[in-house]
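From first to last, the protein sequence lines stand for chains Z and R.
Numbering-wise (UniProt numbering), the first sequence opens with residue 1 and increments by one.
Numbering-wise (UniProt numbering), the second sequence opens with residue 1 and increments by one.
Worth double-checking, as some hints may not be accurate.
Claimed, not checked - Here are some chain Z residues pointing at chain R (derived, C-beta under 7 Å):
hint	residue
1	Glu41
2	Gly43
3	Gln96
4	Lys99
5	Ser155
6	Val186
7	Thr187
8	Val188
9	Leu193
10	Phe220
11	Pro257
12	Lys258
13	Ile259
14	Gly260
15	Pro265
If you are wondering where the hints come from, they were derived from the structure by calculation, not from laboratory data.
Built from N, CA and C at the ideal position, the CB exists for glycine as well.
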Amino acid sequence: MSTLLTVKDLRVQFPTRTGVVDAVRGVSFTLGRERLGIVGESGSGKSQTGRAIMGLTPPHAKITAETLNFDGIDLLHVSAAERRSLRGNRIAMILQDPKYSLNPVMSIGRQIVETLRTHEKVSKSEARKRALDMLAAVQIRDPERVFDLHPHEVSGGMGQRAMIAMMLVTGPELLIADEPTSALDVTVQLDVLAILDNLVRDRGMGLIFISHDLRLVSSFCDRVIVMYAGRIVEEIAAKDLHNAKHPYTQGLLNCMPKIGADTHPLPVLDRKPEWAA
Amino acid sequence: MTTSPVKALVVDKLEVTFDRFRALRGVSLDVMPGESFGLVGESGSGKSTLLRAVAGLAPTSGGSISVNGKRLDGKRTKAFYREVQMVFQDPYGSLHPRQTVDRLLLEPLAVHGFADIEKRILRALDEVGLGSSFRFRYSHQLSGGQRQRVAIARALILEPSILLLDEPTSALDASVQAEVLNLLEQIRRDRKLTFLMVSHDLAVVTHMCDRLMVMQNGAEVERLSAADLAARKVTQAYTRNLLVASEGFVRPGTPAA
Ligand SMILES: Nc1ncnc2c1ncn2[C@@H]1O[C@H](COP(=O)(O)OP(=O)(O)OP(=O)(O)O)[C@@H](O)[C@H]1O
Ligand SMILES: Nc1ncnc2c1ncn2[C@@H]1O[C@H](COP(=O)(O)OP(=O)(O)OP(=O)(O)O)[C@@H](O)[C@H]1O
Ligand SMILES: [Mg+2]
Ligand SMILES: [Mg+2]
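Isolated chain Z, as found in the complex (with noise of 0.2 Å):
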């Protein structure tokens, strides 16, 4: 398989009143065309090791790596313009807090149609038709109506599905999805899956998962990484994750609550400091 993006020894630093904070401790990894899953402690790196990929880091941070590389393009040293373009074009970043990154002023239907405008010479109203067509695809109840929305009179959910509809509609070859389902209904969520896993199937896009769902990374996904406080602490088949090796991954796994065990109070981690080390 033919590798899309490589990233060797990634740290992201931020300078604070209190003192520097080590978000992201040497990351490594490679994705193909593929869907690699990163799910882990809250706080681990997982948003800022996707935006760090993506060139959306707050810019009084600082990034090193040994290599950040897309499709032969080494990341880290591009212009503003060539990271912008590509950010437009090829790389596309679902965010985990869509309403916050969605446009505040401008409707759900105007924000699609700039996107795919900037993207491809497309006409005003051929933009509004696939506009709506992505809308419809991801599930929206009355895309109509939804179009003419903006962002604070959608759903959680909605605004979730307008900003996937959004990367999606111009085609990027690698797509990081953060938390992209945690405000969906369980039935939407897997139509949603289904559109990006034939948009790696089909058109060869290489995915990464970002999401505290282990039922749905373990079922959705090829590979699996697993954070914790800023590191990889364990690289895994999808399928096998049920015999995760790393004690904080099999300790996620018992945490959860299942339908009908009836355990109260749930099992927490009893987290090592070794594991941070």
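Fit chain R with the ligands to the supplied structure of chain Z, relying on the hints for placement.
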């Protein structure tokens, strides 16, 4: 004959309309004091709107809402927000990004004239598993899950009797989710709290709630006990679909595992 206790929350034939769109179409439910009631259902079906309507943040156009036996009308008072607090679905929207965690927790205490502010802030942070090193961070310097925990701490700090929880743990990894769910259960028991809780995760809802309502398109699909849902004793096809979808992704062309 024993008189039945006053219900903590009664929603009766509630209607919410935005422009011409009916977001809630005559939804009714009631929650006993100390009970935990769940809302699940289709994205966009009106779950957040229902919680927001109770909190006085959505325009009702019919029906009624009563809290502890008192019918609510018009603007909610300061005393109401002592009793009823909401954890919003979207922690970015509810926490001002340019405020420190300290300010965010201090503000409600100041508004409601609490003493022992220092002690309460430290306890609130501790309860949601955020060390005191987070106290002077700005909310935009937090991860998604850290921000959600601040939002929960902020709602709990006033010691309300009713908590409206909109997807309180969907931004949290399984380990932190377990801690937050345990915390919520423990506080509910200790302080006799009443919960109205939205979640897409049927396992979370059956774990946390006694009864629940399934919603679709602004209306009730069915109301059932968590035990019946867990035992798959459901009457509606939509609820059954939710149960099937809860099992995970099945790639077309591959036999289900
Ligand atoms: N601007 C910032 N300044 C200081 N620290 C930051 C900043 N942004 C993020 N961090 C810290 O970096 C760490 C990693 O954050 P990140 O958002 O990548 O976590 P995450 O794994 O995505 O967590 P979650 O699952 O909760 O979304 C966190 O501890 C967070 O507090
Ligand atoms: N201010 C508003 N203006 C117009 N329509 C609105 C407004 N607020 C909500 N709606 C509409 O009401 C419907 C219900 O939204 P709500 O947020 O209650 O859904 P939800 O069940 O919480 O969904 P999710 O699970 O995706 O969060 C949606 O179709 C939404 O577009
Ligand atoms: Mg994150
Ligand atoms: Mg909602």
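A quick look at each hint next to the structure:
| no. | hint | in the structure |
| --- | --- | --- |
| 1 | Glu41 | holds (5 Å) |
| 2 | Gly43 | holds (4 Å) |
| 3 | Gln96 | holds (5 Å) |
| 4 | Lys99 | holds (5 Å) |
| 5 | Ser155 | holds (5 Å) |
| 6 | Val186 | holds (4 Å) |
| 7 | Thr187 | holds (4 Å) |
| 8 | Val188 | holds (5 Å) |
| 9 | Leu193 | holds (5 Å) |
| 10 | Phe220 | holds (4 Å) |
| 11 | Pro257 | holds (4 Å) |
| 12 | Lys258 | holds (5 Å) |
| 13 | Ile259 | holds (5 Å) |
| 14 | Gly260 | holds (4 Å) |
| 15 | Pro265 | holds (4 Å) |
The structure is consistent with each of the numbered hints, conforming to all of them.
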